[in-house]
Amino acid sequence: MGPESLIGEIRARLGPAVEGVADSFGDPVLVLRAADVRPALAVLRQPPFDYAVLLDLTCVDYAAGEGRFELVYHLFSLSRNVRLRLKASVPAGDPAVASLAGLWKNAEWLEREVFDMFGVRFEGHPYPRRLLTYEGFEGHPLRKSYPWRLEQPRLPLRDRD
Amino acid sequence: MDPRTRLERQARPASLLLNMGPSHPAMHGTMRIMLELDAERILNAECEIGYLHRGFEKTCENKTWFNLLIYTDRLNYVSPLINNLGYAMTMEKMLGLAVPERAQLIRVLMSELSRVSDHLTCLAAMAMENGAFTVFLYMMKAREFLWDVIEQTAGARMTTSYIRIGGVRADLRPGWREALAAAVRGTRAVLKDVSGLLDRNSIFIGRTRGIGAISREDALSYGWTGPCLRSTGIAYDVRKAHPYLVYDRLAFDVPVGEHGDNYDRYSVRMREMEQSLRLLEQTAALVPEAAPLPAGPVLEPDEAIRASRRRRASGRIRLSPNLEGSEKERQPGLMTPDRPVGVPPKEDAYTTMEGLISHFLFFMNGKGIRPPKGDVYFSVEGGNGEVGFYIVSDGSDRPYRLHLRAPCFHAVAALEQLIRGRLIADVIPTFGSLNMIGGEIDR
Amino acid sequence: MSGFDFVATRFDAALGWGRKFSLFHYPFITACCGMEYMSTACAHFDIDRFGAGLTRFSPRQADLLMVVGTVTHKLAPVLRTVYDQMLAPKWVIAFGACTVSGGIYRNYAVVQGIDKIIPVDVYIPGCPPRPETVLDGLLKLQDKIQHQGQDWRWARKA
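Those protein sequences? They're chains F, E and S, same order as listed.
Going from the first sequence to this note's numbering is simple: count from 1 and add 60.
Going from the second sequence to this note's numbering is simple: count from 1 and add 12.
Going from the third sequence to this note's numbering is simple: count from 1 and add 1476.
Chain F extracted, bound-state conformation:
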């Protein structure tokens, strides 16, 4: 199955969950409806598509211009040796999407990281807690609205002697 026909088949199977298809520097990209992320990825995980590996999950902040966060999923199918990128947009006001916990085991940590860095809520996540920053950290550092150099010390800092 060639890459085009594979994308065509995925579109046919997922139906209205796919909002669009794009090509980015030679890689296929599927744009998903945010409400359908979990069922769509559950389908892709199973044969015949067999995307058994959730390679990566991250987020991009377009809050300033377009008022949305874009979640970016990378899947990898070992049997076909192809990667697939999926995107879904959530509104910047209350960003939330269904969790993938239970489908892939690394989803739990990946989603905790995105929650920590961007403040995207993952509904149904078993353990929504910050991963990289600490308890008491205010805000979400990778949002464009968070100042690059705003430190939040946990200890009172000394003056240099």
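Hints may be right or wrong, so weigh each one.
[As the list claims (entries may be wrong)] Listed next, the stretches of chain S that the computed footprint assigns to chain E, with coverage defined by at least 3 CB atoms under 8 angstroms from CB atoms of chain E:
(1) 1512 to 1525
(2) 1619 to 1627
[What the hints assert, rightly or not] Capping the alpha-carbon separation at 27 angstroms, the derived lysine-lysine pairs in BS3-like fashion look like this:
(3) Lys204/F - Lys105/E
(4) Lys204/F - Lys379/E
(5) Lys153/E - Lys204/E
It is worth saying that the hints were derived from the structure and are not from the lab.
As the structure is a computational prediction, the values presented were derived from the model and not from experiment.
We put the beta carbon where it would ideally sit given N, CA and C, even for glycine.
Start from chain F and add chains E and S according to the hints.
Positioned in the frame of chain F, the structure of chains E and S alone reads:
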């Protein structure tokens, strides 16, 4: 939010809670493992990472495409050159650049040197934590051999920023062949010694065989790649599956394990080092001798700068091939000619007005490298697995978003499952064999 | 100079000599600099030649805290605790640019120099410092120990 961790909430009242790390001799790097214990038996575990979260991704959004290269060195600091390579190749995919053959071969050399030193460091630390201190000393010795070769070429031992967008920074230094051959010979000898010390050592086998085992399905579900995935028997290697550079022309095997336990992860790494040494020898044979530099008078740099104040300098300027830059005669074999994505030649910048202007234009805000709009993902095989960069460009001089797919993030995510139900002592070899690297996992 | 002062000065010097060559160090390794720390501690560069070869992995047994690698705000309380656990006399080496000043990481996550958290005796620059630089820093610390007033509260208490 409940400030208590999940482990604290779920723990039985009778069990003992124990904290390992973040500053613990076996937690090389900084990571905290919370354990719920029944005597020595681990009932439940929870890992906390982020102690080395240095804001890599946020910082990159505020640096130009060229300047953020130095931050990639410090991601997986055991094999910095592979991270350079991953970033540079992602950018090349975005910019549509073709890299000269010689630069590609040099990149393979540097990747494989880094891979061996990565595996050496991982196994050295793992062996030391299991009490095999001799192995640690031997392997560090071998790493010095390899770093000497890197230093001769790149001018620095670890954080070299040697692989640049569009090529490499400088040519190999005269005499590199002998140096590399000696390093490979020395490393082979060390690997043989280490094999003799560990392969059938009953203490080592007792602490690794059958411990920390994972099934293929779970390994895939956790997103494992690299030696950890191969230890379960899945021969997935980015160099074979999605060949880049000249790997499709080189002969090497992908060693796999069987059970996915600690011993298999050790053994896969050992055999992979053999393959990397084999690749080093093959690649070295493919690199042609550098063409001799044109004859004629040679000016020392300060002499040339003095002369250029009065008139345009004539003749060639001698530059150290590694530290200050590369002679511009060498550049065609090392940098892509397509577009100026590399620093203009130093000789021109110091002695001619045009050179100085192009130098300024390269580094000025808003100038320099300007990739087209869009997003791109590219990955290379790092020491721990698939090192992927996901980059979003809005067409400006700095990234809109840059994300690293860290291979050991996924490996360490499985640690809780690997040690559940085992003894405290099993945490050490299991953690060691996953090769957790703080800079990569926490970014 | 009274007789007691003379004896006390000589005793100080002898104590300094003894202390500078028997540094038990605790490496607080967090990041990249740890690789160079390993190189320094191993056979090639061999820190043991200068009397600081005994690595203790408990702060309670160590005199010298080597802070090796970036300290983030998340890790700062840990470093403070480790420092507080060490017994006097104790010294601190800031190993590498991140511990000296935050280095290239001037952002929300990183402490801009560990001297914002604990006092530091010797700063070793470099990102990461070469092993030779580390050894030079160690010699500077030994020089400092030799020439500083020695703390002998244990004698006065008696």
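Chain E over the region 1619 to 1627 of chain S, status - at least 3 residues with CB closer than 8 angstroms: Check failed, 0 qualifying residues.
Agreement of Lys153/E and Lys204/E with the hint, judged by alpha carbon distance not exceeding 27 angstroms: 14 angstroms, holds
Pair hint outcome, Lys204/F versus Lys379/E [Cα-Cα no greater than 27 angstroms]: 22 angstroms, holds
Given coverage of the region 1512 to 1525 of chain S by chain E, tested with a Cβ cutoff of 8 angstroms and a minimum of 3 residues: It holds, with 6 qualifying residues against the three required.
Pairwise hint evaluation, Lys105/E against Lys204/F, where the allowed Cα distance is 27 angstroms at most: 26 angstroms, holds
The structure fails hint 2 only (numbered hints given earlier).
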